[in-house]
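Undergrad: When the letters of the sequence shown are read in order and numbered with my numbering, they come out as residues 1 to 246.
Any given hint might turn out to be false.
Below, a list of computed lysine-lysine pairs in the DSBU-like style, where the Cα atoms sit at most 35 Å apart [stated by the list, open to error]: (1) 11 <-> 76; (2) 11 <-> 165; (3) 125 <-> 76; (4) 176 <-> 125; (5) 176 <-> 165; (6) 125 <-> 165.
Treat the hints as calculated values from the structure; they're not laboratory data.
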Amino acid sequence: MSSEISLSASKAMTIFTLMCERGEPVSIAEIVRGTGYPRTVVNRMMATLVHHFFIERQEHTGLYTVDPRALHLVNKALSSDPLLNRVDLIMRHIANRTTDNALFMIKRDQHALVIRRAEGISHIKVYGSQVGMNLPLHCGGAPLVLLAFSDQAFIDDYLSRPLEKRTPHTCTDPGKIRELLGQIRAQGYAVSQEDLFEYVVAVGAPVFDDRNRLSGAISVGNITQRYPPERIEEVRDILIEEIGRY
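Let the sequences and hints guide you as you build the complete structure.
TA: Below, the structure is given as structure tokens:
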């Protein structure tokens, strides 16, 4: 660990991250088990996080949750992010035109992180991927795009690791995945056929910044019955058109 990193701050943020990922009220004992930190350290870190309005203690249960004021600060910061403002606009148009949910993901370490979601009006909803989820990069519409447009060193490293088989349709053969990634780069989009979630099809396309650097990927999908070949082509065209427009 770098000498410039505060160990205390790092522990506090580890606890805060754990609480965010749990998504439900937690006890001191659960934090101790989840982090492996001594109870005295956890008590001190929790008190610090409460003092700075990152978390709060529920009086009626004694459990701890993320403080809404922390969420307000995060949302305030994100609202001024030009990339996310652009992505939100694109996804609104895509969700309106396709009537299906649109997701925006970015690459974080060895995963695709879902950071934005736009709801379509279709009565058939798929809720497999939620904001805040980490997904593998070798399956799924947007994750495959993120992997395909990564540099070769990253791809080599990723494919050298054990690959999770999420469904019976998930490809875990590095050679076949490399072929697929080349195809995705050549055509500019990816089609996921039940490889991330069973019975779900998704179409993903890359989002680049004004310097042609990969910013993330947007995917749209629904159950297989709603996505025959002609529907896949229709959604693909909408994705590419709307991303290119803004």
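Undergrad: Hint by hint, note whether the structure agrees.
TA: The hints, checked one at a time:
At roughly 25 Å between alpha-carbon atoms, residue 11 and residue 76 fall within 35 Å of each other, so this suggested pair holds. As the CA atoms of residue 11 and residue 165 are separated by approximately 33 Å, the hinted pair is consistent with the 35 Å bound. At most 35 Å may separate the alpha-carbon atoms for a hinted pair to count; residue 125 and residue 76 meet this at roughly 29 Å. Using a Cα cut-off of 35 Å, the hinted pair residue 176 and residue 125 holds, with the two alpha carbons roughly 31 Å apart.
Proposed proximity of residue 176 and residue 165 is supported: the alpha carbons are some 14 Å apart, at most 35 Å. Distance restraint check for residue 125 and residue 165: the Cα-Cα separation of roughly 24 Å lies within the 35 Å cut-off, and the hinted pair is therefore satisfied.
Of the numbered hints stated above, none is contradicted by the structure.
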